[in-house]
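A.B. asks: Each chain, letter by letter, is given below.
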Amino acid sequence: DAGITQSPRHKVTETGTPVTLRCHQTENHRYMYWYRQDPGHGLRLIHYSYGVKDTDKGEVSDGYSVSRSKTEDFLLTLESATSSQTSVYFCAISVAGEGAFFGQGTRLTVV
Amino acid sequence: AQSVTQLGSHVSVSEGALVLLRCNYSSSVPPYLFWYVQYPNQGLQLLLKYTSAATLVKGINGFEAEFKKSETSFHLTKPSAHMSDAAEYFCAVSDSGAGSYQLTFGKGTKLSVIP
Chain A
1053 DAGITQSPRH
1063 KVTETGTPVT
1073 LRCHQTENHR
1083 YMYWYRQDPG
1093 HGLRLIHYSY
1103 GVKDTDKGEV
1113 SDGYSVSRSK
1123 TEDFLLTLES
1133 ATSSQTSVYF
1143 CAISVAGEGA
1153 FFGQGTRLTV
1163 V
Chain B
63 AQSVTQLGSH
73 VSVSEGALVL
83 LRCNYSSSVP
93 PYLFWYVQYP
103 NQGLQLLLKY
113 TSAATLVKGI
123 NGFEAEFKKS
133 ETSFHLTKPS
143 AHMSDAAEYF
153 CAVSDSGAGS
163 YQLTFGKGTK
173 LSVIP
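Sequence order for the protein chains is A and B. Take the first sequence: its position 38, counting from 1, is numbered 1090 in our numbering, and each next residue is one higher. Take the second sequence: its position 90, counting from 1, is numbered 152 in our numbering, and each next residue is one higher.
For the record, the hints were derived by calculation from the structure and aren't laboratory data. The beta carbon of each residue, even a glycine, is placed where N, CA and C say it ideally should be. Take these hints with a grain of salt, some might be off.
Stated by the list, open to error - Here are the in silico distance ranges between beta carbons for each label pair:
#1 Ala1148/A - Ala79/B: 35 to 45 Å
#2 Ala1148/A - Gln107/B: 13 to 23 Å
#3 Gln64/B - Ala1148/A: 12 to 22 Å
What the hints assert, rightly or not - In the DSS-like style, the derived pairs of lysine-lysine whose C-alpha atoms are separated by at most 30 Å in a straight line are:
#4 Lys1063/A - Lys130/B
#5 Lys1105/A - Lys1063/A
#6 Lys1109/A - Lys1063/A
#7 Lys120/B - Lys130/B
#8 Lys1063/A - Lys172/B
#9 Lys1109/A - Lys169/B
#10 Lys172/B - Lys131/B
#11 Lys172/B - Lys120/B
#12 Lys1122/A - Lys1109/A
Just chain A, same shape as in the assembly:
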């Protein structure tokens, strides 16, 4: 257990509404990531953070923003949710010498 908690675990929202997903870690790791998982695509990187207020875009960042005001929290925001953002979202942290470890995921449905 890498001490990663994602909330909410499930969410249904309407097209055009803003949505924020939260990732919380308890072990003070520097690097945090948001991925989305879609059938036939594996996992794709949305955004990542390398420290408080330090973030950068990943492969599929359009329509998403992130914030990291504290080491332990990494927020993913969908400014105006679309049906194409229906997915399972995973947060991950890096542990030097060990690899990346994932949360349990958030299943988001945009209707």
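Chain B: place on chain A using the hints.
C.D. replies: Leaving out everything else, chain B in the frame of chain A:
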């Protein structure tokens, strides 16, 4: 740019048979390579990793993988499949960066184990 190709989106094996899941990668720098397993409705669990030490890597649940630079491969094997191995498996590659494992994933291989 890095990429990962997993050959076969679905593999079926009989219980007790050899499991072989294929992964080929491309990377412009010496890579870190990982295999993850995902059980239904769960997160990803790290099975094993290659980080430039031994080329034959042993992981959890009896799985192992061999890094072959000449073939740019990192295939996952298990000598004898168990029903509990049924899951989806993902191969991933990362640049060897200082503590940052920004992963590029393959599309996954779903393993079915037939009794």
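A.B. asks: Under the constraints set out in the numbered hints, which ones does this structure not fulfil?
C.D. replies: 4
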